[in-house]
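Chemist: In order, the protein sequences belong to chains A and Y.
Residues in the first sequence are numbered consecutively from 1, following full-length UniProt numbering.
Residues in the second sequence are numbered consecutively from 1, following full-length UniProt numbering.
Heads up, some of the hints might be wrong.
[To be verified] Below are the EDC-like pairs computed for lysine to aspartate or glutamate, each with C-alpha atoms no more than 20 angstroms apart in a straight line:
#1 Y:K104 to A:E82
#2 A:K212 to A:E113
#3 A:K8 to A:E35
#4 A:K34 to Y:E92
#5 A:K252 to A:E196
#6 A:K38 to A:E89
#7 Y:K104 to A:D260
#8 A:K163 to A:E86
#9 Y:K104 to A:E215
#10 A:K34 to A:E82
#11 A:K312 to A:D260
#12 Y:K104 to A:E40
#13 Y:K36 to Y:E135
#14 Y:K97 to A:E215
#15 A:K163 to A:E215
#16 A:K30 to Y:E73
#17 Y:K97 to A:E35
#18 Y:K97 to A:D36
#19 A:K38 to A:E69
#20 A:K324 to A:D308
#21 Y:K76 to Y:E92
#22 A:K312 to A:D338
#23 Y:K104 to A:D64
#24 A:K8 to Y:E159
#25 A:K39 to A:E82
#26 Y:K104 to A:E35
#27 Y:K97 to A:D294
It is worth saying that the hints were derived from the structure and are not from the lab.
Here the structure is a predicted model, which means the values were calculated and not measured.
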Amino acid sequence: MDWSNFIKAIPSMGALGALFAGGLAYASVKFSVKEDPKKESINEALPGIDCGACGYPGCASYADAIVNEGAEIDLCQPGGQEVKEEIAEVMGLETGGSSVEKVAQLMCQGDREATVYQADYHGIASCNAINMEESIKSCPYGCLGFGDCIEVCPFDAIYMNDKGLPEIDLEACTACGKCVEECPRDIIEIVASTQEVTAKCKSILEGSKVSKVCENGCIACTLCEQNCPVDAITMENNLPVINDETCIDCGKCVEVCPTDSMVELPLESPEEEGDTEAEAEEESQGDEIVITEDCVGCGACETACPVDAIAKIEDDQYEIDQDKCVQCEKCISQCPVDAIEYQ
Amino acid sequence: MVDLGGLLLIFMTASITNNFILSQFLGICPFLGVSKEVPTAFSMGLATTFVMTTSAICVWFVNSFILVPFGLEYLKYVAFILVISSFVQLTEMIVRKVSPPIYKALGIFLPLITTNCAILGLALKIPINGYNFIESTIYGLGAGVGFTLAIVIMASMRERLAFADVPKPLKGAPITLLIAGLMSMAFMGFSGM
């Protein structure tokens, strides 16, 4: 090996590098620009992840906007209350009480068990890619389950659970909203972490169609609307909408929901609690809805039933399949001759 | 002693006939990226001209006194990139100090002059063409002026274009590239000079 190359190359390149480095070092002092010290301390207080949740391109430009344009100091979602207080201290402002912590929530419970796969998919493993085609999952509104949200999450707060649905780690989530933007089906929402109940379904299909495609979907039975003690729930597009201001977080809607699509937040262990409560509820009630002999066979109840539990047995007599019935009482209100009642 | 005619020829060749953008297709990125408004385009052109001229001078020194005497021509990419990035850094500091609005308007494209292939192309052509010190300086200046010329023409056309009724599929980048192509054809006419 010819070492003479090294002997020439290393010192000459090294000297050249040192020369330019020295020149730049001198220039950086000579041409230094004095920045507003406030901007620097705000920039230090900010998380420095440049997520863009504040609406500015990065933490540095948000700091600049606070100092020079008087931007609001509570826009940093990942930083939360702590950062807000630090900025307030720098700017000499009051924080004005605590702001509500927010988290992202997946508004879908259509996991692998609850929904049906209609087709095999061997294309690009991405929700955004598959959403251009028809859905492979039975529900046209539900989670596609390829985890685009997981990829985009800068905090690794989302992971895929064993049932094929992304789950959000509420501790790690900073509500930066990247997953909300990424999700092609718009089923991830930023909610206040103090909000206690929500309907985790985005399907605007009618009840009978929902129950065909997903076991956990909202069938628009309106039980939650009927049972809400403060009338905070209204139905829009076959989905319950909860008025946060009037809602008292009593949890009644969660109890009565036949498909468990109404859930309590945060989801610590929804399945265990939800199931036992629902079962206890059923047992204590002990009643069954039946169609009496007054039935005239009009079929109004069959159309109204969101779970297809009602079928014709004779010409002018219908019967309710008790295994399917969720006791939503829709048939009772629909029956023109009051032939349906609890027994 | 100094061949003024030859220098003028080098200048005209670098700036018009062999315009770096329109004839050699180098430095397309800032050409498309910073050509939305004339003032910004002009200051981008000035910054690039500054870097090109100073780099050309420095590249000539590095080439003549370090690379050639030590037989290190194979290191020219490394050495030239070092020169260019240092001068881009210097330009950035100066622009930031002298004119914060221009610094803000140029944004990411200022540090990106480092990766502007027009400048490395210029640096690599100096040893190939065998220019002396003055010729190199004029060559760098000419290339910078040519760059400024092209980007300012482009920017003024795009300013007018903002009011034109461009068909929807051609809006934005497509129409810009079409214009660039037409400009390039126009500049091809100079090669007969």
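Chemist: Evaluate each hint against the coordinates.
Modeler: Cross-check of the supplied hints:
At most 20 angstroms may separate the alpha-carbon atoms for a hinted pair to count; K104 of chain Y and E82 of chain A exceed this at roughly 30 angstroms. Pair hint K212 of chain A plus E113 of chain A holds up; C-alpha atoms about 13 angstroms apart against a cutoff of 20 angstroms. With a CA separation close to 43 angstroms, the supplied pair K8 of chain A and E35 of chain A exceeds the 20 angstroms bound. Simply put, K34 of chain A and E92 of chain Y have alpha-carbon atoms about 15 angstroms apart, close enough for the 20 angstroms limit, and the pair holds.
Distance check on the hinted pair: K252 of chain A and E196 of chain A sit about 12 angstroms apart at the alpha-carbon level, within 20 angstroms; holds. Between K38 of chain A and E89 of chain A, the direct Cα distance comes to roughly 10 angstroms. Compliance with the 20 angstroms bound is thereby established for this hinted pair. Simply put, K104 of chain Y and D260 of chain A have alpha-carbon atoms about 53 angstroms apart, too far for the 20 angstroms limit, and the pair is violated. Between K163 of chain A and E86 of chain A, the direct Cα distance comes to roughly 41 angstroms. Violation of the 20 angstroms bound is thereby established for this hinted pair.
Simply put, K104 of chain Y and E215 of chain A have alpha-carbon atoms about 55 angstroms apart, too far for the 20 angstroms limit, and the pair is violated. Between the alpha carbons of K34 of chain A and E82 of chain A the distance comes to roughly 28 angstroms, so the proposed pair goes past 20 angstroms and is violated. Distance hint between K312 of chain A and D260 of chain A is unfulfilled; the C-alpha atoms sit about 28 angstroms from each other, more than 20 angstroms. The suggested pairing of K104 of chain Y with E40 of chain A holds, with an alpha-carbon distance near 17 angstroms, which does not exceed 20 angstroms.
Our distance criterion of 20 angstroms between C-alpha atoms is broken by K36 of chain Y and E135 of chain Y, whose separation comes to about 33 angstroms. Our distance criterion of 20 angstroms between C-alpha atoms is broken by K97 of chain Y and E215 of chain A, whose separation comes to about 65 angstroms. Our distance criterion of 20 angstroms between C-alpha atoms is met by K163 of chain A and E215 of chain A, whose separation comes to about 14 angstroms. Among the hinted pairs, K30 of chain A with E73 of chain Y is inconsistent with the structure: their alpha-carbon atoms are about 34 angstroms apart, more than 20 angstroms.
As the CA atoms of K97 of chain Y and E35 of chain A are separated by approximately 11 angstroms, the hinted pair is consistent with the 20 angstroms bound. The straight-line distance between the Cα atoms of K97 of chain Y and D36 of chain A is roughly 14 angstroms, inside the 20 angstroms bound, and the hint therefore holds. The straight-line distance between the Cα atoms of K38 of chain A and E69 of chain A is roughly 13 angstroms, inside the 20 angstroms bound, and the hint therefore holds. Simply put, K324 of chain A and D308 of chain A have alpha-carbon atoms about 8 angstroms apart, close enough for the 20 angstroms limit, and the pair holds.
The suggested pairing of K76 of chain Y with E92 of chain Y is violated, with an alpha-carbon distance near 24 angstroms, which exceeds 20 angstroms. Distance check on the hinted pair: K312 of chain A and D338 of chain A sit about 17 angstroms apart at the alpha-carbon level, within 20 angstroms; holds. Note on K104 of chain Y and D64 of chain A: the hinted pairing holds, with a Cα-Cα distance of about 12 angstroms set against a maximum of 20 angstroms. With a CA separation close to 53 angstroms, the supplied pair K8 of chain A and E159 of chain Y exceeds the 20 angstroms bound.
Restraint check for K39 of chain A and E82 of chain A: the C-alpha separation of about 17 angstroms stays at or below 20 angstroms, so the hint holds. Of the supplied pair hints, the one linking K104 of chain Y and E35 of chain A holds, its CA atoms being roughly 14 angstroms apart against a limit of 20 angstroms. This hinted pair does not check out: K97 of chain Y and D294 of chain A have alpha carbons roughly 91 angstroms apart, beyond 20 angstroms.
In summary, the structure is inconsistent with hints 1, 3, 7, 8, 9, 10, 11, 13, 14, 16, 21, 24, 27 from the numbered list given earlier, while agreeing with the others.
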